[in-house]
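S.K.: Spelled out, the chains give:
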Amino acid sequence: MNIAAITTCTIGVAHTYIAKEKLIEAAQNRGHSISVETQGNIGIEDELSQDVIRAADAIILEADIAVARQERFKGKPIVRVNSAVAIKQPERLIATVEHKLSQGVMS
Amino acid sequence: MNLRELLNESCISLDLPLDSKEAVFRTLSQDLNRAGIVKDPDRFRKAVEYRETLSETGLEEGIAIPHGIDATVSKAAIAYVRLAVPIEWESMDGKPVRHVFLLAIPENGDKVHIRMLSELAMHLIRKETRDALNCIKTKEELYGIL
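Which chain is which? The protein sequence lines are A and B, in order. Those letters in the first sequence? Residues -7 to 99, by my numbering. Those letters in the second sequence? Residues 31 to 176, by my numbering.
Just so you know, the hints here were simulated from the structure itself, not pulled from any lab data. Errors might be hidden in some of the hints.
Said to hold, decoys possible - Only pairs whose alpha carbons sit at most 25 Å apart, straight line, appear in this in silico DMTMM-like list of lysine to aspartate or glutamate: (1) A:K80 <-> B:E120; (2) B:K125 <-> A:D56; (3) A:K80 <-> B:E82; (4) A:K80 <-> B:E86; (5) B:K141 <-> A:E39; (6) B:K76 <-> A:D56; (7) B:K167 <-> B:E149; (8) A:K80 <-> B:E91; (9) B:K125 <-> B:D49; (10) B:K125 <-> A:E13; (11) A:K80 <-> B:E158.
All chains, please: the whole structure from these sequences, using the hints.
M.R.: Quick look at the structure:
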């Protein structure tokens, strides 16, 4: 599947970027394509394009604080977790997204 | 901009016998103060301790990246200690911590430098880096693996 994700954390220097690395690794290990936007201390990087969002089967918002510009994901299935979940158990997180999508239980 | 500007040699300690997070924060804050990076080490330490209350800064396999953002920080920098004996730390895998990278983050800091702190954090979750940290014998070798 195609996943689009955003990572962000309180200080915006460490966990935001570690979570990104972990998410990419886990998604690829499970055979998915993923794009990750970071919303850190230095601002937004690798911004998700409209095309990427349109093509995404699911959106993961990995955040300890409010995610900026969420209106872009209107109508998309969204999974929200805090950064510790993405860092500690990234593969389990991806598996949960797969399961929820297959069951059609995501709003 | 290179790693040596970010991680001053005087802010590296190998195999120090510190027995608590508080002692680690105190020592590294003082190192950063002596290096001219943090003007008020007590104030900076409080910023680091506040960050600790938000979520765990221990990653996996004995590495922690506590960090503080404060006006008393003059530029983005890192202090590192390898502890003689691993200590208790709230970590992602529940294991005690031996390697502490304390990140000092200025308010409204230069983006290039802050970005380097983030890249270091990403580097530290790689297994090769973790393994190498346990083996280094000199400060020079630390620069080599980072």
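S.K.: Against which earlier hints does the structure fall short, listed by number upward?
M.R.: Hint check: nothing fails, all pass.
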